[in-house]
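S.K.: Each chain is listed here by its residues.
Number of protein chains: 2
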Amino acid sequence: MLKELLKPEILELIELRQWTDLREVLTSWEPPEIADLMLDVEQADRVLLFRSLPRDISAEVFAYLESDKQDDLLHELTNQETREILSQLPPDDRTALLEELPAEATQKLLTLLSPEDLKEARLLLGYPEQSIGRLTTPHFVSVRADWTIKQALAHIRTYDKNNETINRIYVTDNDGRLLDDITLRAFIFSDPKESIRSLMDENVISVSAFDDQEVAVRTMEKYDIPALPVVDSNGVLIGIVTFDDVMDISEEEATEDFQKFGGMEALDKPYNTISFLGMVKKRAGWLVILFIGEMFTATALSYFEGALEKAIILSMFLPLIMSSGGNSGSQAATLMVRAISLGEVTLKDWWWVMRREFLSGLFLGLILGAIGFVRIVAWSAMTHAYGDHYLPIAFTVSFSLVGVVLWGSLSGSMLPFLLKKLNFDPAASSAPFVATLVDVTGIIIYFSFAVWLLKGTLL
Amino acid sequence: MLKELLKPEILELIELRQWTDLREVLTSWEPPEIADLMLDVEQADRVLLFRSLPRDISAEVFAYLESDKQDDLLHELTNQETREILSQLPPDDRTALLEELPAEATQKLLTLLSPEDLKEARLLLGYPEQSIGRLTTPHFVSVRADWTIKQALAHIRTYDKNNETINRIYVTDNDGRLLDDITLRAFIFSDPKESIRSLMDENVISVSAFDDQEVAVRTMEKYDIPALPVVDSNGVLIGIVTFDDVMDISEEEATEDFQKFGGMEALDKPYNTISFLGMVKKRAGWLVILFIGEMFTATALSYFEGALEKAIILSMFLPLIMSSGGNSGSQAATLMVRAISLGEVTLKDWWWVMRREFLSGLFLGLILGAIGFVRIVAWSAMTHAYGDHYLPIAFTVSFSLVGVVLWGSLSGSMLPFLLKKLNFDPAASSAPFVATLVDVTGIIIYFSFAVWLLKGTLL
Numbered sequence: 013m014l015k016e017l018l019k020p021e022i023l024e025l026i027e028l029r030q031w032t033d034l035r036e037v038l039t040s041w042e043p044p045e046i047a048d049l050m051l052d053v054e055q056a057d058r059v060l061l062f063r064s065l066p067r068d069i070s071a072e073v074f075a076y077l078e079s080d081k082q083d084d085l086l087h088e089l090t091n092q093e094t095r096e097i098l099s100q101l102p103p104d105d106r107t108a109l110l111e112e113l114p115a116e117a118t119q120k121l122l123t124l125l126s127p128e129d130l131k132e133a134r135l136l137l138g139y140p141e142q143s144i145g146r147l148t149t150p151h152f153v154s155v156r157a158d159w160t161i162k163q164a165l166a167h168i169r170t171y172d173k174n175n176e177t178i179n180r181i182y183v184t185d186n187d188g189r190l191l192d193d194i195t196l197r198a199f200i201f202s203d204p205k206e207s208i209r210s211l212m213d214e215n216v217i218s219v220s221a222f223d224d225q226e227v228a229v230r231t232m233e234k235y236d237i238p239a240l241p242v243v244d245s246n247g248v249l250i251g252i253v254t255f256d257d258v259m260d261i262s263e264e265e266a267t268e269d270f271q272k273f274g275g276m277e278a279l280d281k282p283y284n285t286i287s288f289l290g291m292v293k294k295r296a297g298w299l300v301i302l303f304i305g306e307m308f309t310a311t312a313l314s315y316f317e318g319a320l321e322k323a324i325i326l327s328m329f330l331p332l333i334m335s336s337g338g339n340s341g342s343q344a345a346t347l348m349v350r351a352i353s354l355g356e357v358t359l360k361d362w363w364w365v366m367r368r369e370f371l372s373g374l375f376l377g378l379i380l381g382a383i384g385f386v387r388i389v390a391w392s393a394m395t396h397a398y399g400d401h402y403l404p405i406a407f408t409v410s411f412s413l414v415g416v417v418l419w420g421s422l423s424g425s426m427l428p429f430l431l432k433k434l435n436f437d438p439a440a441s442s443a444p445f446v447a448t449l450v451d452v453t454g455i456i457i458y459f460s461f462a463v464w465l466l467k468g469t470l471l
Numbered sequence: 013m014l015k016e017l018l019k020p021e022i023l024e025l026i027e028l029r030q031w032t033d034l035r036e037v038l039t040s041w042e043p044p045e046i047a048d049l050m051l052d053v054e055q056a057d058r059v060l061l062f063r064s065l066p067r068d069i070s071a072e073v074f075a076y077l078e079s080d081k082q083d084d085l086l087h088e089l090t091n092q093e094t095r096e097i098l099s100q101l102p103p104d105d106r107t108a109l110l111e112e113l114p115a116e117a118t119q120k121l122l123t124l125l126s127p128e129d130l131k132e133a134r135l136l137l138g139y140p141e142q143s144i145g146r147l148t149t150p151h152f153v154s155v156r157a158d159w160t161i162k163q164a165l166a167h168i169r170t171y172d173k174n175n176e177t178i179n180r181i182y183v184t185d186n187d188g189r190l191l192d193d194i195t196l197r198a199f200i201f202s203d204p205k206e207s208i209r210s211l212m213d214e215n216v217i218s219v220s221a222f223d224d225q226e227v228a229v230r231t232m233e234k235y236d237i238p239a240l241p242v243v244d245s246n247g248v249l250i251g252i253v254t255f256d257d258v259m260d261i262s263e264e265e266a267t268e269d270f271q272k273f274g275g276m277e278a279l280d281k282p283y284n285t286i287s288f289l290g291m292v293k294k295r296a297g298w299l300v301i302l303f304i305g306e307m308f309t310a311t312a313l314s315y316f317e318g319a320l321e322k323a324i325i326l327s328m329f330l331p332l333i334m335s336s337g338g339n340s341g342s343q344a345a346t347l348m349v350r351a352i353s354l355g356e357v358t359l360k361d362w363w364w365v366m367r368r369e370f371l372s373g374l375f376l377g378l379i380l381g382a383i384g385f386v387r388i389v390a391w392s393a394m395t396h397a398y399g400d401h402y403l404p405i406a407f408t409v410s411f412s413l414v415g416v417v418l419w420g421s422l423s424g425s426m427l428p429f430l431l432k433k434l435n436f437d438p439a440a441s442s443a444p445f446v447a448t449l450v451d452v453t454g455i456i457i458y459f460s461f462a463v464w465l466l467k468g469t470l471l
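Protein chains in written order, with my numbering: chain C, 13 to 471; chain S, 13 to 471.
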């Protein structure tokens, strides 16, 4: 890209402190590109570069920065500069900023807001975390049903200063309750003398400010609307939530689920910007919990120490059997965590899923059991590695594989439902968690088959 | 929801074959809701319900159905009905339909298209799978720079029949090359006598039809534009790709990564609609590969059979050590797979990541090693479970934990880079895959420490 090529020149302009030239070059850049550029610049130069931006662009660039970079910048700026940026920031980005800064910094910023913005910020911060209210931008213009289209257009022209309005105009009653939405296109291509009412179909999709942000993702995906009107508990229109924020939420939730499923807490920050200690902390917790859970394998094995001493051969297949259970559990859990998160299955489907996973587990277990059987018998024929009693050993391993894979599929698929039912995040039923759960049981299954099938021969 | 409550009544209307009443009720429904309703209806009634829909709605409802349901419906409809639906279907949905149907059905459908639609379909199907071209809707209206706004509006009014146009008008030169985009708002609120050129800033974000769909996701997220113009290799505007398709792609890719990471092939269909055998097939392949890989643990263990016979106590801690390596590997892999997929880290970052993961692994290993040491020593003090030589055993376990967690973090983080470098999907470095990889090494690490530290006492 041309802009990539220009970067060295830009960095030189910064070096030479040529702010006027720089400003001229940057006016043709999009704010996200300037935000990228700011990351490539030394901290000290960053604030200078930021100050050199035209006033109307700097707030937009600010909105595209990561919250820690925003925090850094705010420390460098004067109160007057901060005040200006804050007042220019779209309200949803302002909410996000206030939400993520340390409480102290948030308090300071609130004092810099205009009374009107302060009221707005307090309102939006008043909605629960992770609620749609926090994503809402309250800058919207609404029209009344009894206006003519011409009146409405004049109203919009005067009052709608919002860049985020996409393509719908909202109709409300005198109390501000949402009645309908009309596309901007319908406005343009209708007779200006017609009333708004003539364009209304009394059919509007909206979301509640108190709903979880996940609801906005699902609603937008279902209806393919780029901006959803947000209403409070009385049906009063308080703002809109736009596709860009919803896409970010959808991606963040996928990342969270993904990381939790990998057996750790969600980082909440990109890997390349999170601090080393921050990252280790998110990993250590679960690693220790899993470690302690896995200690029960030692306890379980000590019960079978006698069997192990007599038939050391049993320990050879122990990892194979345990890991097969863990793998099938991981598969089942990954399917359920994602399907629950996408709303493809809900709690009430658990029984259907359980029957289905019982069959899958049985089927998959039989496949692995058969391979294991053939492998042991073939190996014995060639090398005599497993002694005279290779046949009961082969049966023990095969039966255990069936049992363990079946058990893995069942527990991997049911654990997410259980967690959901207990109001935990289903994604916490991670691959390592399921594996740990299945490991202890796997040992018991394996040695139970061994005691039964090898009694009188090896045991 | 009211509509949920209405469902029984609707089903009754279908039962009673009251198509006229039904049609009346359904006109106030949104197409996605009617599509949902169709899923609740018996196959035989489904086609009747579909036929009862007003013509202009039925194609939209059709577009919202899953591809297998679309296929079922097409089997029931007459050629004339099919032709009508196809001609009303938005071109990007039509491409998706033709892409997913069996080849034979696709051929049949192509013969039902109008010559114009056929040309369009052939063009879009000509772009590579997973390319932006396949998502493109070619219904757009472009204007010329030297027109007045009034001329342009008249042109749009006449030619733009497309519901998918969101809020931007594209300016092209006489060869159709994309020059600029202008918001619909700018149009409305400018003097109609002004020229289009006066609104242009010569700054337009576009994507290539040949780019991977992932590029559309990243571009849309970066620039927050709800519809991206798509150009061919000559810069000619061929259509637009809209936020709703891009959101779907983003979600599908996350699902694919998620399922691959769980140790299976991506289902490519929702869990609740995929057939049982289809699902088992997607799982069996990886399960067998992992099983065969895990067989090397038996081989590795057989090398240490002598040591195991002398010190059966070693087998007690084997699962604990192996799983800790797998867990730390799963954590590192989950972080890398997602960070690579989101573009947070790229191939060239591998060395930075490796140093970082070396430190994390060492740190996390020391934590687990310390816990393991304390556990063994404390247990020995209380129960004498591990005999007189509990101290060298404790050291063996601790050192092995450090080694194995370090190795797990390194291989878990590097495997996604390696796969990416070899042009495989990084998400294939699944939790079970990494665990299997680490298991064999874990055995070698553990017994190496054992041989070294227990020589002269237990071994």
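Heads up, some of the hints might be wrong.
Result set (DSSO-like, lysine-lysine): computed pairs, CA atoms no more than 27 Å apart in a straight line [what the hints assert, rightly or not]:
| # | chain 1 | residue 1 | chain 2 | residue 2 |
| --- | --- | --- | --- | --- |
| 1 | S | 294 | C | 281 |
| 2 | C | 162 | S | 433 |
| 3 | S | 81 | C | 234 |
| 4 | C | 322 | S | 322 |
| 5 | S | 162 | C | 162 |
| 6 | S | 322 | C | 281 |
| 7 | C | 322 | S | 467 |
| 8 | S | 360 | C | 294 |
| 9 | S | 360 | C | 19 |
| 10 | S | 281 | C | 433 |
| 11 | S | 162 | C | 205 |
| 12 | S | 162 | C | 81 |
| 13 | C | 467 | S | 234 |
| 14 | S | 322 | C | 360 |
The set of hints was computed from the structure by calculation and includes no laboratory data.
S.K.: Now look at each hint and say whether the structure bears it out.
M.R.: Hint-by-hint comparison with the structure:
{"no.": "1", "hint": "S/294 / C/281", "result": "violated, 32 Å"}
{"no.": "2", "hint": "C/162 / S/433", "result": "violated, 59 Å"}
{"no.": "3", "hint": "S/81 / C/234", "result": "holds, 17 Å"}
{"no.": "4", "hint": "C/322 / S/322", "result": "holds, 12 Å"}
{"no.": "5", "hint": "S/162 / C/162", "result": "holds, 17 Å"}
{"no.": "6", "hint": "S/322 / C/281", "result": "violated, 49 Å"}
{"no.": "7", "hint": "C/322 / S/467", "result": "holds, 23 Å"}
{"no.": "8", "hint": "S/360 / C/294", "result": "holds, 25 Å"}
{"no.": "9", "hint": "S/360 / C/19", "result": "holds, 19 Å"}
{"no.": "10", "hint": "S/281 / C/433", "result": "holds, 25 Å"}
{"no.": "11", "hint": "S/162 / C/205", "result": "holds, 19 Å"}
{"no.": "12", "hint": "S/162 / C/81", "result": "violated, 45 Å"}
{"no.": "13", "hint": "C/467 / S/234", "result": "violated, 66 Å"}
{"no.": "14", "hint": "S/322 / C/360", "result": "violated, 53 Å"}
In this structure, the earlier hints numbered 1, 2, 6, 12, 13, 14 are contradicted, and the remaining ones agree with it.
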